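Asks: Spelled out from the first residue to the last, the chains are:
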Amino acid sequence: MKDSKDRKEAPDFELKDVNGKTVKLSDFRGKAVMVDFWATWCGPCQIEIPWFMDFERKYKDQGFVVIGVAMDDEGWPVVKPFIEQMKMNYRVVIGNDRTADMYGGIEALPTTVLIDRDGRIASTHVGLAGKQDFQDAIETLLQAPAAETRTAKLHFPSFRAN
Amino acid sequence: MKRGVTANVKVTATLSDGFHLNSHTPAEDFLIPLTLKWVAGPVEQGEVAYPKPQMVKVPFQEKPLSVLTGKFELVTPFKIPANASVGLVTVTGKLRYQACNDKSCFPPKTLDVKVPVEVQ
Chain A
1 MKDSKDRKEA PDFELKDVNG KTVKLSDFRG KAVMVDFWAT WCGPCQIEIP WFMDFERKYK
61 DQGFVVIGVA MDDEGWPVVK PFIEQMKMNY RVVIGNDRTA DMYGGIEALP TTVLIDRDGR
121 IASTHVGLAG KQDFQDAIET LLQAPAAETR TAKLHFPSFR AN
Chain B
1001 MKRGVTANVK VTATLSDGFH LNSHTPAEDF LIPLTLKWVA GPVEQGEVAY PKPQMVKVPF
1061 QEKPLSVLTG KFELVTPFKI PANASVGLVT VTGKLRYQAC NDKSCFPPKT LDVKVPVEVQ
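Protein chains in written order, with our numbering: chain A, 1 to 162; chain B, 1001 to 1120.
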């Protein structure tokens, strides 16, 4: 994972989920977010999806969110049955070339981007990774409070002192 | 090619080490098969003979996958009808494939295939 000072802001996107509801990345500011670029035809992606379902379950209440960005050209007709079959418990949206370009092109899948509570990219991993590696990274991100929270904590004592 | 004659046309592909393509008959329904589809024209095409796949175990799949690696050929018999016009004809087709390595997969691609045929 990148040092906090080296992280850049994650490009914002606004895409529809399976129910037609808009999912906007910046709406999750303050939470740690895993953005997983995947596709139904991608074998390695299918290995990771159950892990991400576990993470969503385990860390949801601590301020963690998974967003699956499906890159299937055929869109919902293939993605929706897949979501149902896998019983995916996290948000899935359909990505497009623009979304891919914003994240450097997404030449291979899976590509997994971890975003800190301040909306900055902490890591980008291309290809199948280890579940434990993801879990460690998520826990590290969750332990770090968002900048706003940090600022509030720093300012409060000085206010009292005056 | 002379009119009335059949000849085999070979489309050859070479994959870099560490990469594989799904064969024409992948082991799982969700995988995108290798296909070669010719556009109908003055040259008649027979059935495409796809290369024999290998059953390969990859880290991300429980069952072995039916894949192609290295160099392989797709062979299609082209037949010039006896009544075809003499001259140059370009036969076109679409080769669709989807490749992976042992950790990642790459978006499916469709390549244009063009075969110039001099009908005599």
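Everything labelled a hint here was simulated from the structure, so no lab data went into it.
Just so we're clear, the structure is a prediction, and the values are computed from it rather than from any experiment.
Hints are not guaranteed to be accurate.
Taking lysine to any residue pairs in the SDA-like style, the calculated list, with each CA pair at most 25 Å apart, reads [to be verified]:
hint	chain 1	residue 1	chain 2	residue 2
1	B	1103	A	24
2	B	1103	A	145
3	B	1094	A	144
4	A	87	B	1032
5	B	1109	A	102
6	B	1037	B	1103
7	B	1103	A	144
8	B	1103	A	20
9	B	1109	A	31
10	B	1109	A	107
11	A	31	A	144
12	A	131	B	1102
13	B	1109	A	72
14	B	1109	B	1024
15	B	1103	A	83
16	B	1037	B	1082
17	B	1057	A	133
18	B	1109	A	103
19	B	1103	A	137
20	B	1103	A	63
21	B	1109	A	133
22	A	87	B	1109
23	A	131	A	74
24	B	1103	A	138
25	B	1103	A	146
26	B	1063	A	126
27	B	1103	A	61
28	B	1063	A	91
29	A	87	B	1094
30	B	1037	A	135
31	B	1057	A	107
32	A	131	B	1028
33	A	131	B	1082
34	B	1103	A	90
35	A	131	B	1109
36	A	2	A	89
37	B	1109	A	75
38	A	131	B	1024
Asks: Let me make sure I understand: some of the numbered hints might not hold for this structure. Which ones are they, in numerical order?
Replies: Violated: hints 1, 2, 3, 6, 7, 8, 9, 20, 21, 22, 23, 25, 27, 28, 29, 30, 33, 35, 36, 38.
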